[in-house]
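Chemist: Start from the sequences and build out the full structure, keeping to the hints where you can.
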Amino acid sequence: MPEPMGFFTDTTVCIGCKACEVACKEWNQLPAENGGVRELSGDSYDNTRRLDGIHWRHVRFIEQFKGPYDGRWLMMSDVCKHCVQAGCLEVCPTGAIIRTEFDTVVIQSDVCNGCRACIAACPFGVIDINPVSGTAQKCTLCYDRLKVGLEPACSKACPTDSIQFGSIAELRARAQKRVEQLKAQGVDAHLYGAEPSGPLGGLNSFYLLVDKDEVYGLPHNPQLPTRNLTKSASWSVASAAVLGVLALVGLRKRRMDEHAGGGAGGTGHAS
Amino acid sequence: MGSNMAECHPVAFRWPMKAKLNGAKLIHVDPRFTRTSAVADLHVPIRAGSDIAFLGGLINHVIHSERWNKDPFFKDYTVHYTNLATIVNEDFKDTEDLEGVFSGLMGYKEPDFWPYNGFLGRYDNKTWQYERGPKPPGPTTEEVIKQRGSFDDLLRSLRKGTAKSDPTLQHPRCVFQLLRKHFSRYTPEMVEQICGCPKEKFLRVAETLLENSGRDRTSAFAYAVAWTQHTYGVQIISCCALLEQLTGNMGRPGGGIMALRGHAAIQGSTDVPTLYHSIHGYLNAPSAVRPHDTLRDYLAAETPPTGYWANGPKWMVSYLKSVYGDAATPENDFGYDWHPKILGDHSHMACFAAMNEGKIKGAVIVGQNPATSLNGTATRRALRQLDWLVVKDNWLTETATHWYLGPEVKNGEVKIADIKTEIFFFPSTQIAEYDGSYTNTQRMLQWHSMAAKAPGDCRTDSWFYHNLAKRLKKAYADSKLSRDQGWKNVTWDFDPDPGETPLYPGEISALKVLREINGYATGNPKQHLKGFGELKDDGSTTCASWIYCGCFPAWDQNLTARREPDPPGVPGAHLKWGWAWPANRRNIYNRASADLNGNPWSERKRWVWWDPNFVNPPDPKTGKPIPRGKWVGYDVPDFTLTMPPSHQGKPDGIIMEPLSGTDAYIMRPEGKGWIFVPSGLVDGPFPTHYEPHESPVQNLLYPKQQSSPVHKVWSQGKPWNQLAAPVGDPKYPYVITTYRLTEHYLAGAMSRWLPWLSELQPELFIELGKDLAREKGIKNLDHVIISTPRSHVRAKALVTDRIGVLKVAGKTIHHVGMPWHWGWMGLSTGDVVNDLTAWVGDPNVSIHEGKAFVCNVERA
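Top to bottom, those sequences are chains A and B.
Note that the working numbering gives residue 371 to position 256 of the first sequence, counting from 1, and the numbers run on in steps of one.
Note that the working numbering gives residue 1400 to position 8 of the second sequence, counting from 1, and the numbers run on in steps of one.
Rather than coming from a laboratory, the hints here were simulated on the basis of the structure.
Given the structure is predicted, the values throughout are model-derived calculations rather than measurements.
Glycine is no exception: its CB is placed at the ideal position from the N, C-alpha and C atoms.
Treat the hints with care, as some may be off.
Estimated spans, in silico, between C-beta atoms of each pair [what the hints assert, rightly or not]: (1) A/G186 with B/K1968: 55 to 63 Å; (2) B/K2199 with A/D328: 35 to 43 Å; (3) B/D1779 with A/G186: 32 to 40 Å; (4) A/G150 with B/P1732: 45 to 53 Å; (5) A/V330 with B/L1490: 50 to 58 Å.
Once the Cα atoms are required to be at most 25 Å apart in a straight line, the calculated DSS-like pairs of lysine-lysine come out as [what the hints assert, rightly or not]: (6) B/K2188 with A/K181; (7) B/K1501 with B/K2096; (8) B/K2042 with B/K2013; (9) A/K181 with B/K2096.
Modeler: The following block contains the structure:
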């Protein structure tokens, strides 16, 4: 079995060139939205705005300024997190979503029936329907390239190595070193999703961030859709028990009523 | 500075980011906070066009700093490797003496035969020369020319006396003292006033530069067209070169100036040029308005007698042999008389100015989209005066469709029926659809092979020119006219050899073109030349471009196709990856990476050094023994390989003879880097702060000289090139700069038709600050009208703090910016931003001032 593979995205060296977005679309032959004819979003240099069925990479632009020229411009290339505990995979009713030998999460288009359960189940809002195929789609971590020993198209195209591809163990070590280097320079950096003990068992696409997770549109404590199952299950058990008791009471009452009625009526039945 | 490298050169920007990870400091000085600023350690906002004030401030700070005056490194480098100690002619007068102009300023009158040169004035540079000893005796140049003497005799006649110098730097007319005076008023306070950047930020830059210059550390500057597109663009770059020499950063690893070219092979297009004013390898084009009557006249006017450029006769003769082949003989000056001569400025704007006046009948536009460029309204007007127009491109660009979709036609100003031009469109191949070579910004040639066949009937540019040349050859074959003799004698042999299959029917052999550029022994094309050291001035060598000589040193050795990187962990000149001119050298003037004795300045900055124990083989030509010792290193040394550091030159010699073992700048006649520039620049020997042609403020340093006295204005007074008042025109109160985005490419032909790129930046916008937006009641995404005296355009507002107000000369100046990629064709469309720009430009290279002018902004 190959090792678990994934991405480490060091947002501090991202230059927002969007080469990852274009390389992804080219390799995976994803269509441009409305054939490329669109309106300016007005949200900094981000005209992609989200991850969905035809945008498997999305570069965020976050302008943080106190006044003219006084501030910083954060950039981050977002993608499917390839969660170790993947909500999409759990809820998929057809078995279209699988965990591969690289420990990545892939939707098999030919098995997907477009039921949208995974779209609701993803805590990061990564998945959506690709209007061309009519099925749910997202980053495959270039499964077809990995199969033949190539790295994913986006990390290959990234000129500054903001997106790094490799074995999760090696990437985690590299990421930890980079955090220490930045901390020594006085930069308040932290990793998101690099801890196997963290939410979702760790993310096989994890990030180095220099601001709160939410600033980058990442939930601070992402959860599986099945997270409430224990609670609701216990409620079910409890309600079942209550119902059972009520049923018993009801039954007894009926029998008592029957009994009383018989006594009251005194005649008719010979039971 | 002058570059938004992360956005416009994202692939090359990999390396500054690697350096940053290794601890390098990255500083971005720019009017906008861009994607480059976002990852820099420090962003310093300055007003567009104020770069010389900023760099001049750095120069003034450096020469008064304790570090520069106490660390002997700086004096060792500058006194021996540059002309800092050289004494200048006593007639020279500085801008400090003449209130903003140098000695030698004259008026300018356009000649009748080509009145499109645009100069506002001209300098006679005879007072800018060095103070010299007596001229060595010998025949005069006129005598040598008259007697058709040898080219070496011609060089001898051109010698001047030895320049005087004062290594103590005390002489009042030595370059150092002149420099001190020239920049004495470029103080941090003045920088703050002119550039609008806080003094503290300027001082942080100055201190960082000083801390990172010296034996152990080097600093590099990267610039792009934001330094060139000014009426003093060349002087900005010259100012940086001055600073880099002064701080001992030139010729050393991690130092120097990176000229980031505009696109993938633009370096190649100036090396083997599509330029009007130079022929191959930066030799000046023969001119009808210079004393270029005969080959010897040309060489006398264009060749310095000493330094490596003095080999010019060998390069020129070998070039003429390449053009005219067997017809070029010593008797007919190798066909020099057949060579076309220029009449003056035939650059883009000069030609379009002439076109506007009906002086140009036809145009072939290839890989360019002038309908969206430089004062687009005037440019499209010029195109409408043509009899015929050929457009060869991937798509029907704005230039191909201006006659029925241009804004003037759409708004009814121009009627299609009134346009007389016949327009031809040729569908073109893309770069991946043929073989050829790129020359990148590092001067490196990389061969590429065809990846896919072109669709339909698309043809390559080489196919087009090859077949055009063959038809012209045929058309002139029987002509008896003397003016057609050049065409009759041109050699044109680029058809594939028998057995070689062309990529497309009628296509050339690209390899054959590279062989011709590399050069070979005349009469034996299979015997390739190994380097430009083999070139001769007697016609025995044929070489189209001397600087590329050596890229193809044997019939089967195309070095540009090499792809062998150095292993990780070594200093890495990557000499086996492609081939860089000159002589596969990656860092030019690299003799300066060693100290006076030839040792590396420091272990950390080791690059090229003198190995005194190297055993040389005997001279292959004479068989004489050569003493021990050789220049060696990681790179190809830029020096005479066996000349020891202690070598003393022969003062009366020619070419390399007068140069000594410490004369590191071998292309300069005296072997020293030019801090003071006695010739070559038409607008002054020292960089001087001038305001852009259109500016909101007066020139604070030289109130009597607002802008460069010799810059260019084409079509002066014509309605199609109207200009704002030179200082603070109230109708146009804001500074505007134009630029590119990562998502689009130049005029858009390679991006606006591509859905994946169009969706990333789908519409034209203007970036403006929150203060201006508030003042004008403009909200994000509102439509606004941007106007200049030339035109007005409509765009959506992108309101941001990444651009904004600057305090300049006590005034609050709003700064706005617009990307210029758009036009009316393609998927992503928008108004033509270049319609706002003016036909004003640099007097050295005729580039327009697209980076700093004034405008008004109103809500639509």
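Chemist: It remains to establish, for every hint, whether it holds in the given structure.
Modeler: Verification of the hints:
1. A/G186 with B/K1968: 55 to 63 Å: Taking Cβ atoms as reference, A/G186 and B/K1968 lie about 45 Å apart, which means the hint is violated.
2. B/K2199 with A/D328: 35 to 43 Å: At roughly 38 Å between Cβ atoms, A/D328 and B/K2199 fall inside 35 to 43 Å, so the hint holds.
3. B/D1779 with A/G186: 32 to 40 Å: 55 Å, violated
4. A/G150 with B/P1732: 45 to 53 Å: 47 Å, holds
5. A/V330 with B/L1490: 50 to 58 Å: 56 Å, holds
6. B/K2188 with A/K181: 23 Å, holds
7. B/K1501 with B/K2096: 22 Å, holds
8. B/K2042 with B/K2013: 22 Å, holds
9. A/K181 with B/K2096: 39 Å, violated
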